[in-house]
Amino acid sequence: MSKKPAEPIDPSPPTVEQTASDTFVRRLHGEWTPADLTALEARLKRDPAYADAYARVKAAWDSLDTYAEVPELMAYREQAIAYARDASADRWLKVSPHTRNPWRNAAAAAGIALAIAAGWELSPYGYGSGHYQTDIGEQRIVELEDHSRIALDTATRLKVRYSDDARIVQLQEGQAQFSVAKDPARPFKVVAGNRTIIAIGTVFTVEYVDRKVHVALMEGKVAVVPAESEHSGNTRPSSFSPPAPSDGEGQGVRLEKGSAPGEKSRDDRNVTIELIAGEELRISRDGESTVSPKADIEAATAWREGKVIIRSETLGDAVRRLNRYSRRQIQIDDAALAAKLISGVFEAGDTQGFVSAIQRYLPVTVDESASRTIKLKLQIGPTGSASADRERSWQYDSPPDSHF
Amino acid sequence: MGELGQIARALEEMNVRTRTVLMLIRLEQMKAATVADMLGISLSAVNKHLAKGIARLAELRRRGDGES
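Protein sequence lines, in the order shown, are assigned to chains A and B.
Here the numbering used here is used: the first residue of the first sequence is 1, the next is one more, and so on.
Here the numbering used here is used: the first residue of the second sequence is 1001, the next is one more, and so on.
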C-alpha cells in the first residue's frame, strides 16, 4: 500500500481549549513529570480562562464515556474500527501469528463480531500456530489449518503449536471447546495446568480457571495424562498411546478407570484417566480428580449460548465465573457470604441482573458507589443467620436488553 | 440541542482520522501506540489528533448550547 501523505493537523491558531487539551493528553499518555503537574496547577490557579477550558476538556472527555453505548456513538465506534482495519489491512499480510491482534479488544468493546481479521482471510491455510485470546465479554471461534475448531470463551488465552507430529494447544486461562479433526498421525493435545488431554476426532470443552481443570466430553474419546513431560518438548507420555479412532461406544481400553459405578475421586496426579462421550472430569487445585459418568453437558456448554449455569456452587465461585464476563466486577469481602451455595441460570455479562437476583434471595447489602466494582456484604441483623446455609435456587431471566 | 446531540454533531464534523483516533482511544480503550500502528501514523500524530478531537468537544461546551 502506498503511504498516505501526512495531513496538516492544526492549521489555525490554537484556542484555549486546544492548549488545555494538549496538556490533558500529555498527562494521559506519559511524559508527565511532577514538574509538569506543578506547572499545570499553578496555571489553573492564576488563569481562570485556562482553568475553565481545562474543566471543559475534562468534561468533554468524561461525556464521551457517558454516551459510549448510545447508537449515535456506536455507529462512530464501528466506523472507527472499520477505518483503522482498512488502513492496516496490508500490514496484516506481514503480521506473524505471534503478534497480538489489537482488533479483538476493539471488536469486543464495541460488541462487534469481527470473526476473522483481515490478514487471515487472505491466508490459504487458516489459523496456524500462534497465540489466541479473547477479551472480557468476547467469544470467538478459530478454525485451524487442519479444520479443527476452537471456540474461545470470555477472557481466554491459549497457545497453538502445530508441528508434523503433534497438535498442541496450551490453555493458559479460561475456557474453550475443541472440535478436533481426525488425524491419527498427529494427536491433538490440550495442556491445562499440569494435565494434558489427548484426543482424536472428538468434541470436548476444557475450562482452566483458578488452577482448576474441568473437562467435559461431547463426542469421541480423550485421555487425560500428567502434563509435565509435555511442557518442554514433544515426548509423549510413555504410559499412554493415543486411542485408535473411535468406532463407537467405549470399546477402547479404559486406562486406570475404576470399575465402581458413579463418581470416583482420586488424588494421584500421575494416573492416566480416559473419558468417553458424556463423561466429565474435574481436577481440583490440589490435583484431586473426579470423574462423573454423566457430564452436565448443558452447563459445560452454556457459555456458547451466552449463559452461565450454576449448580450448587458457592457464591464466591459463582461470582468468579460471572466476573469473567464483565468489566464491572462483583466483590465479596465476607467469607461467610462467599461460602453460601447458590444455583441459577444467568446471562453472561449481566452483572446487574446477577446482583439483583442475589439480593432477592440472600440477606446482602449492595454497595454500588464505585464505578467498576459492586461490593456485596452480608446484612448484619437478626435475619442474617437463620437461613445461613440453605441453598438458594432460582431461575433468573435476564431482561431483553442484556448487553452480552 | 442536548449534550448528546452536540457531541454527535461535533463528531460528524470532525476529520475522519481525528474521530477515529478519539473513538479508538477513548471508547475502545486502545493504547495510543496500537492506534499509531494501525493507522500507520506516528505516536505524536495520534496524540495531536486526540487533543484536537477533545478540544473540539470542549469548545462546544464553551458555547454552551444545551449544556447545563
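Just so you know, these hints were derived from the structure itself, not from any lab.
Be a bit skeptical, because a hint or two may be false.
[To be verified] Stretch by stretch, here's where chain B covers chain A in the computed footprint (C-beta under 8 Å, at least three residues): (1) 16-26; (2) 75-85; (3) 164-173; (4) 290-299.
Just so you know, these numbers come straight off a predicted model, no measurement behind them.
C-beta atoms are modelled at their ideal positions from N, C-alpha and C, and glycine is treated no differently.
Verification of the supplied hints:
1. With a threshold of 8 Å between beta carbons, the proposed coverage of the segment 16-26 of chain A by chain B holds, since 8 of its residues qualify and at least three are required.
2. Counting residues of the segment 75-85 of chain A whose beta carbon lies closer than 8 Å to any beta carbon of chain B gives 8, which meets the minimum of three for the stated coverage.
3. Chain B is given as covering the segment 164-173 of chain A, and this is violated because 0 residues of the stretch bring a CB closer than 8 Å to a CB of that chain, at least three being needed.
4. Judged by the Cβ-Cβ criterion of 8 Å, the segment 290-299 of chain A is not covered by chain B as claimed, because only 0 of its residues qualify and three are needed.
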